[in-house]
Structure formats: C-alpha cells, structure tokens
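Going line by line, the protein sequences match chains A and B.
Residue numbering for the first sequence follows our numbering, starting at 1 and increasing by one per position.
Residue numbering for the second sequence follows our numbering, starting at 1 and increasing by one per position.
Since the hints were derived computationally from the structure, they do not count as laboratory data.
Treat the hints with care, since some could be wrong.
To be verified - Here are the computed lysine-lysine pairs in the PhoX-like style, where the Cα-Cα straight-line distance is at most 25 Å: (1) B/K57 x A/K57; (2) B/K68 x B/K42; (3) B/K71 x B/K42; (4) B/K95 x B/K22; (5) B/K68 x B/K95; (6) B/K94 x B/K37; (7) A/K11 x B/K68; (8) B/K68 x A/K57; (9) B/K112 x B/K95.
Said to hold, decoys possible - Have a look at the derived ranges for each label pair, beta carbon to beta carbon: (10) A/W27 x B/A70: 34 to 40 Å; (11) A/Q18 x B/D17: 45 to 51 Å; (12) A/E79 x B/P82: 17 to 23 Å.
What the hints assert, rightly or not - To list a few chain A residues with every Cβ distance to chain B over 12 Å, as calculated: (13) I12; (14) L39; (15) T100; (16) E101; (17) V112.
All C-beta atoms in this analysis are idealised placements derived from N, C-alpha and C, irrespective of residue type, glycine included.
Each chain, letter by letter, is given below.
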Amino acid sequence: DAEITQSPRHKITETGRQVTLACHQTWNHNNMFWYRQDLGHGLRLIHYSYGVQDTNKGEVSDGYSVSRSNTEDLPLTLESAASSQTSVYFCASSLGQGSTEAFFGQGTRLTVV
Amino acid sequence: GENVEQHPSTLSVQEGDSAVIKCTYSDSASNYFPWYKQELGKRPQLIIDIRSNVGEKKDQRIAVTLNKTAKHFSLHITETQPEDSAVYFCAASKKAAGNKLTFGGGTRVLVKP
C-alpha cells in the first residue's frame with residue numbers, strides 16, 4: 001500500500017549538531033510539507049515543496065532547510081540544533097493539481113539537549 | 001498570510017451530548033477547510049472537509065458548516081462517544097497558494113462516560 005513514512009521516530013541530539021529527518025512517500029504526490037507541533041501552537045508550517053527542485057519557506061523556517069531531489073523524499077535538516085527546536089515534526093503530502101487532502105506521516109519526536 | 005483561530009482550546013462533554021468547535025480565518029480567498037482528528041501519540045487524520053461553494057456537509061455524526069461572509073466555520077459532533085476524545089484541528093487553504101494548510105491551535109475534546 002502507498003504510504004508516507006518518517007524516520008527516525010525518536011531522536012535525541014545535542015545543541016549545535018546538524019540533524020536530518022527523513023520523509024518518504026510512495027503516492028507520487030507533488031506536494032510535500034513539514035510541520036512542527038508544539039503545545040498551544042497547533043501545527044506550524046516549516047517548509048514545503050510543490051515538486052522536484054522546488055522548495056519554499058513556511059512561517060517558522062529559520063534554522064531549517066529542505067531539498068527535493070526526487071518526488072518521493074523531502075528531508076528536513078536542522079543546521080545547528082537548538083533547544084527551541086525540541087518538538088514533534090510531521091511530514092505531509094498531497095497530490096496537488098487541485099486535490100487538497102493532506103496525508104501525514106507518523107511524526108518524529110526530536111529532543112535537543 | 002492566512003491566520004486561523006480556533007475555540008475553545010479544551011472541551012469536556014458528557015457522552016451522548018454534542019460538541020461544537022469554531023474557527024475563524026482571515027484570508028477571504030481561502031476556499032478549502034478541512035478538519036483533522038489526532039488521537040494521543042498518533043498522526044493527524046482527515047475526518048471531514050468543506051469547500052467554499054458549500055455551506056454545510058455531513059458525515060454520520062459529524063458535520064461542518066461554513067459562513068464565508070463572516071469567515072468562520074464550525075465542526076459539530078453529535079451523540080459523542082468516548083472514542084471521540086482527541087485533539088481536533090481546523091485548517092484553511094487556497095488553491096492559489098498551492099493548497100498549503102494553515103492550522104488552528106487545536107481543541108482537546110474529552111468525552112466523559
């Protein structure tokens with residue numbers, strides 16, 4: 001079955017380290033998104049992509065980057081992890097081309113110590 | 001950009017009663033309004049959505065209403081059951097912005113047996 005998967009599910013890292021969170025979908029969706037979820041803030045958009053080689057900043061993009069070299073993957077990189085980036089990260093994808101339902105991955109819980 | 005506000009942040013109801021969650025949005029061009037349910041430790045999942053050309057949509061015990069003039073939409077859950085206990089998120093998007101979702105802050109619903 002087609003799906004969207006994130007890895008790792010849990011990660012503990014130290015302040016200042018570079019961290020990459022993986023997101024892989026097998027639906028051949030054009031649109032992919034990264035959100036972070038914090039208590040009291042809901043889901044906030046970090047970065048998004050509408051297709052290969054396309055990336056865009058969301059509302060909370062500082063300290064994060066993404067790249068889209070193929071349709072299936074949108075890895076999220078924290079350049080230099082900070083304690084403020086401790087959060088649960090969700091990747092999502094949608095078909096695009098007028099279809100709007102977004103499907104979410106299982107989430108990655110990241111702790112920066 | 002789009003801003004979505006959601007109320008209340010927590011809602012406790014007796015089993016069998018109704019629950020209502022309200023959201024307002026700021027961008028009059030938004031035309032797609034989904035609702036996601038997130039159970040503890042799980043990913044958000046779409047439960048119902050509505051487009052701007054429709055005023056109301058029902059699916060069994062859940063319904064969503066949209067008032068474009070006032071820029072608000074609501075989720076109604078009737079005959080609540082313990083399995084309805086979860087966090088619910090509203091969101092808004094527009095096709096012109098590539099359908100990226102802006103989420104409300106979430107409502108934690110507790111259904112008491």
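A/E101 and chain B, when compared Cβ to Cβ, separated by more than 12 Å: 6 Å, violated
Non-interface label on A/I12, tested against every C-beta of chain B at 12 Å: 18 Å, holds
Given hint B/K37 paired with B/K94 - CA-CA distance at most 25 Å: 21 Å, holds
Beyond 12 Å from every chain B Cβ - status for A/T100: 5 Å, violated
12 Å cut-off, C-beta based - A/L39 kept clear of every residue in chain B: Incorrect as stated: the minimum Cβ-Cβ distance to chain B is 9 Å, not above 12 Å.
Restraint check for B/K68 with A/K57, where alpha carbons must lie at most 25 Å apart: At roughly 28 Å apart (the allowed maximum being 25 Å), A/K57 and B/K68 break the hint.
Restraint check for A/K11 with B/K68, where alpha carbons must lie at most 25 Å apart: 42 Å, violated
C-beta pair A/W27, B/A70: status relative to the range 34 to 40 Å that was hinted: 36 Å, holds
Hint consistency between B/K57 and A/K57 [alpha-carbon to alpha-carbon, up to 25 Å]: With Cα atoms ~33 Å apart, B/K57 and A/K57 exceed 25 Å; violated.
25 Å Cα cutoff - pair B/K68, B/K95: Holds. B/K68 to B/K95 sits at ~16 Å (cutoff 25 Å).
Straight-line alpha-carbon gap B/K68 to B/K42, limit 25 Å: 32 Å, violated
Range hint compliance [Cβ, A/E79 to B/P82, 17 to 23 Å]: 44 Å, violated
Of the numbered hints listed earlier, those contradicted by the structure are 1, 2, 3, 7, 8, 9, 12, 14, 15 and 16.
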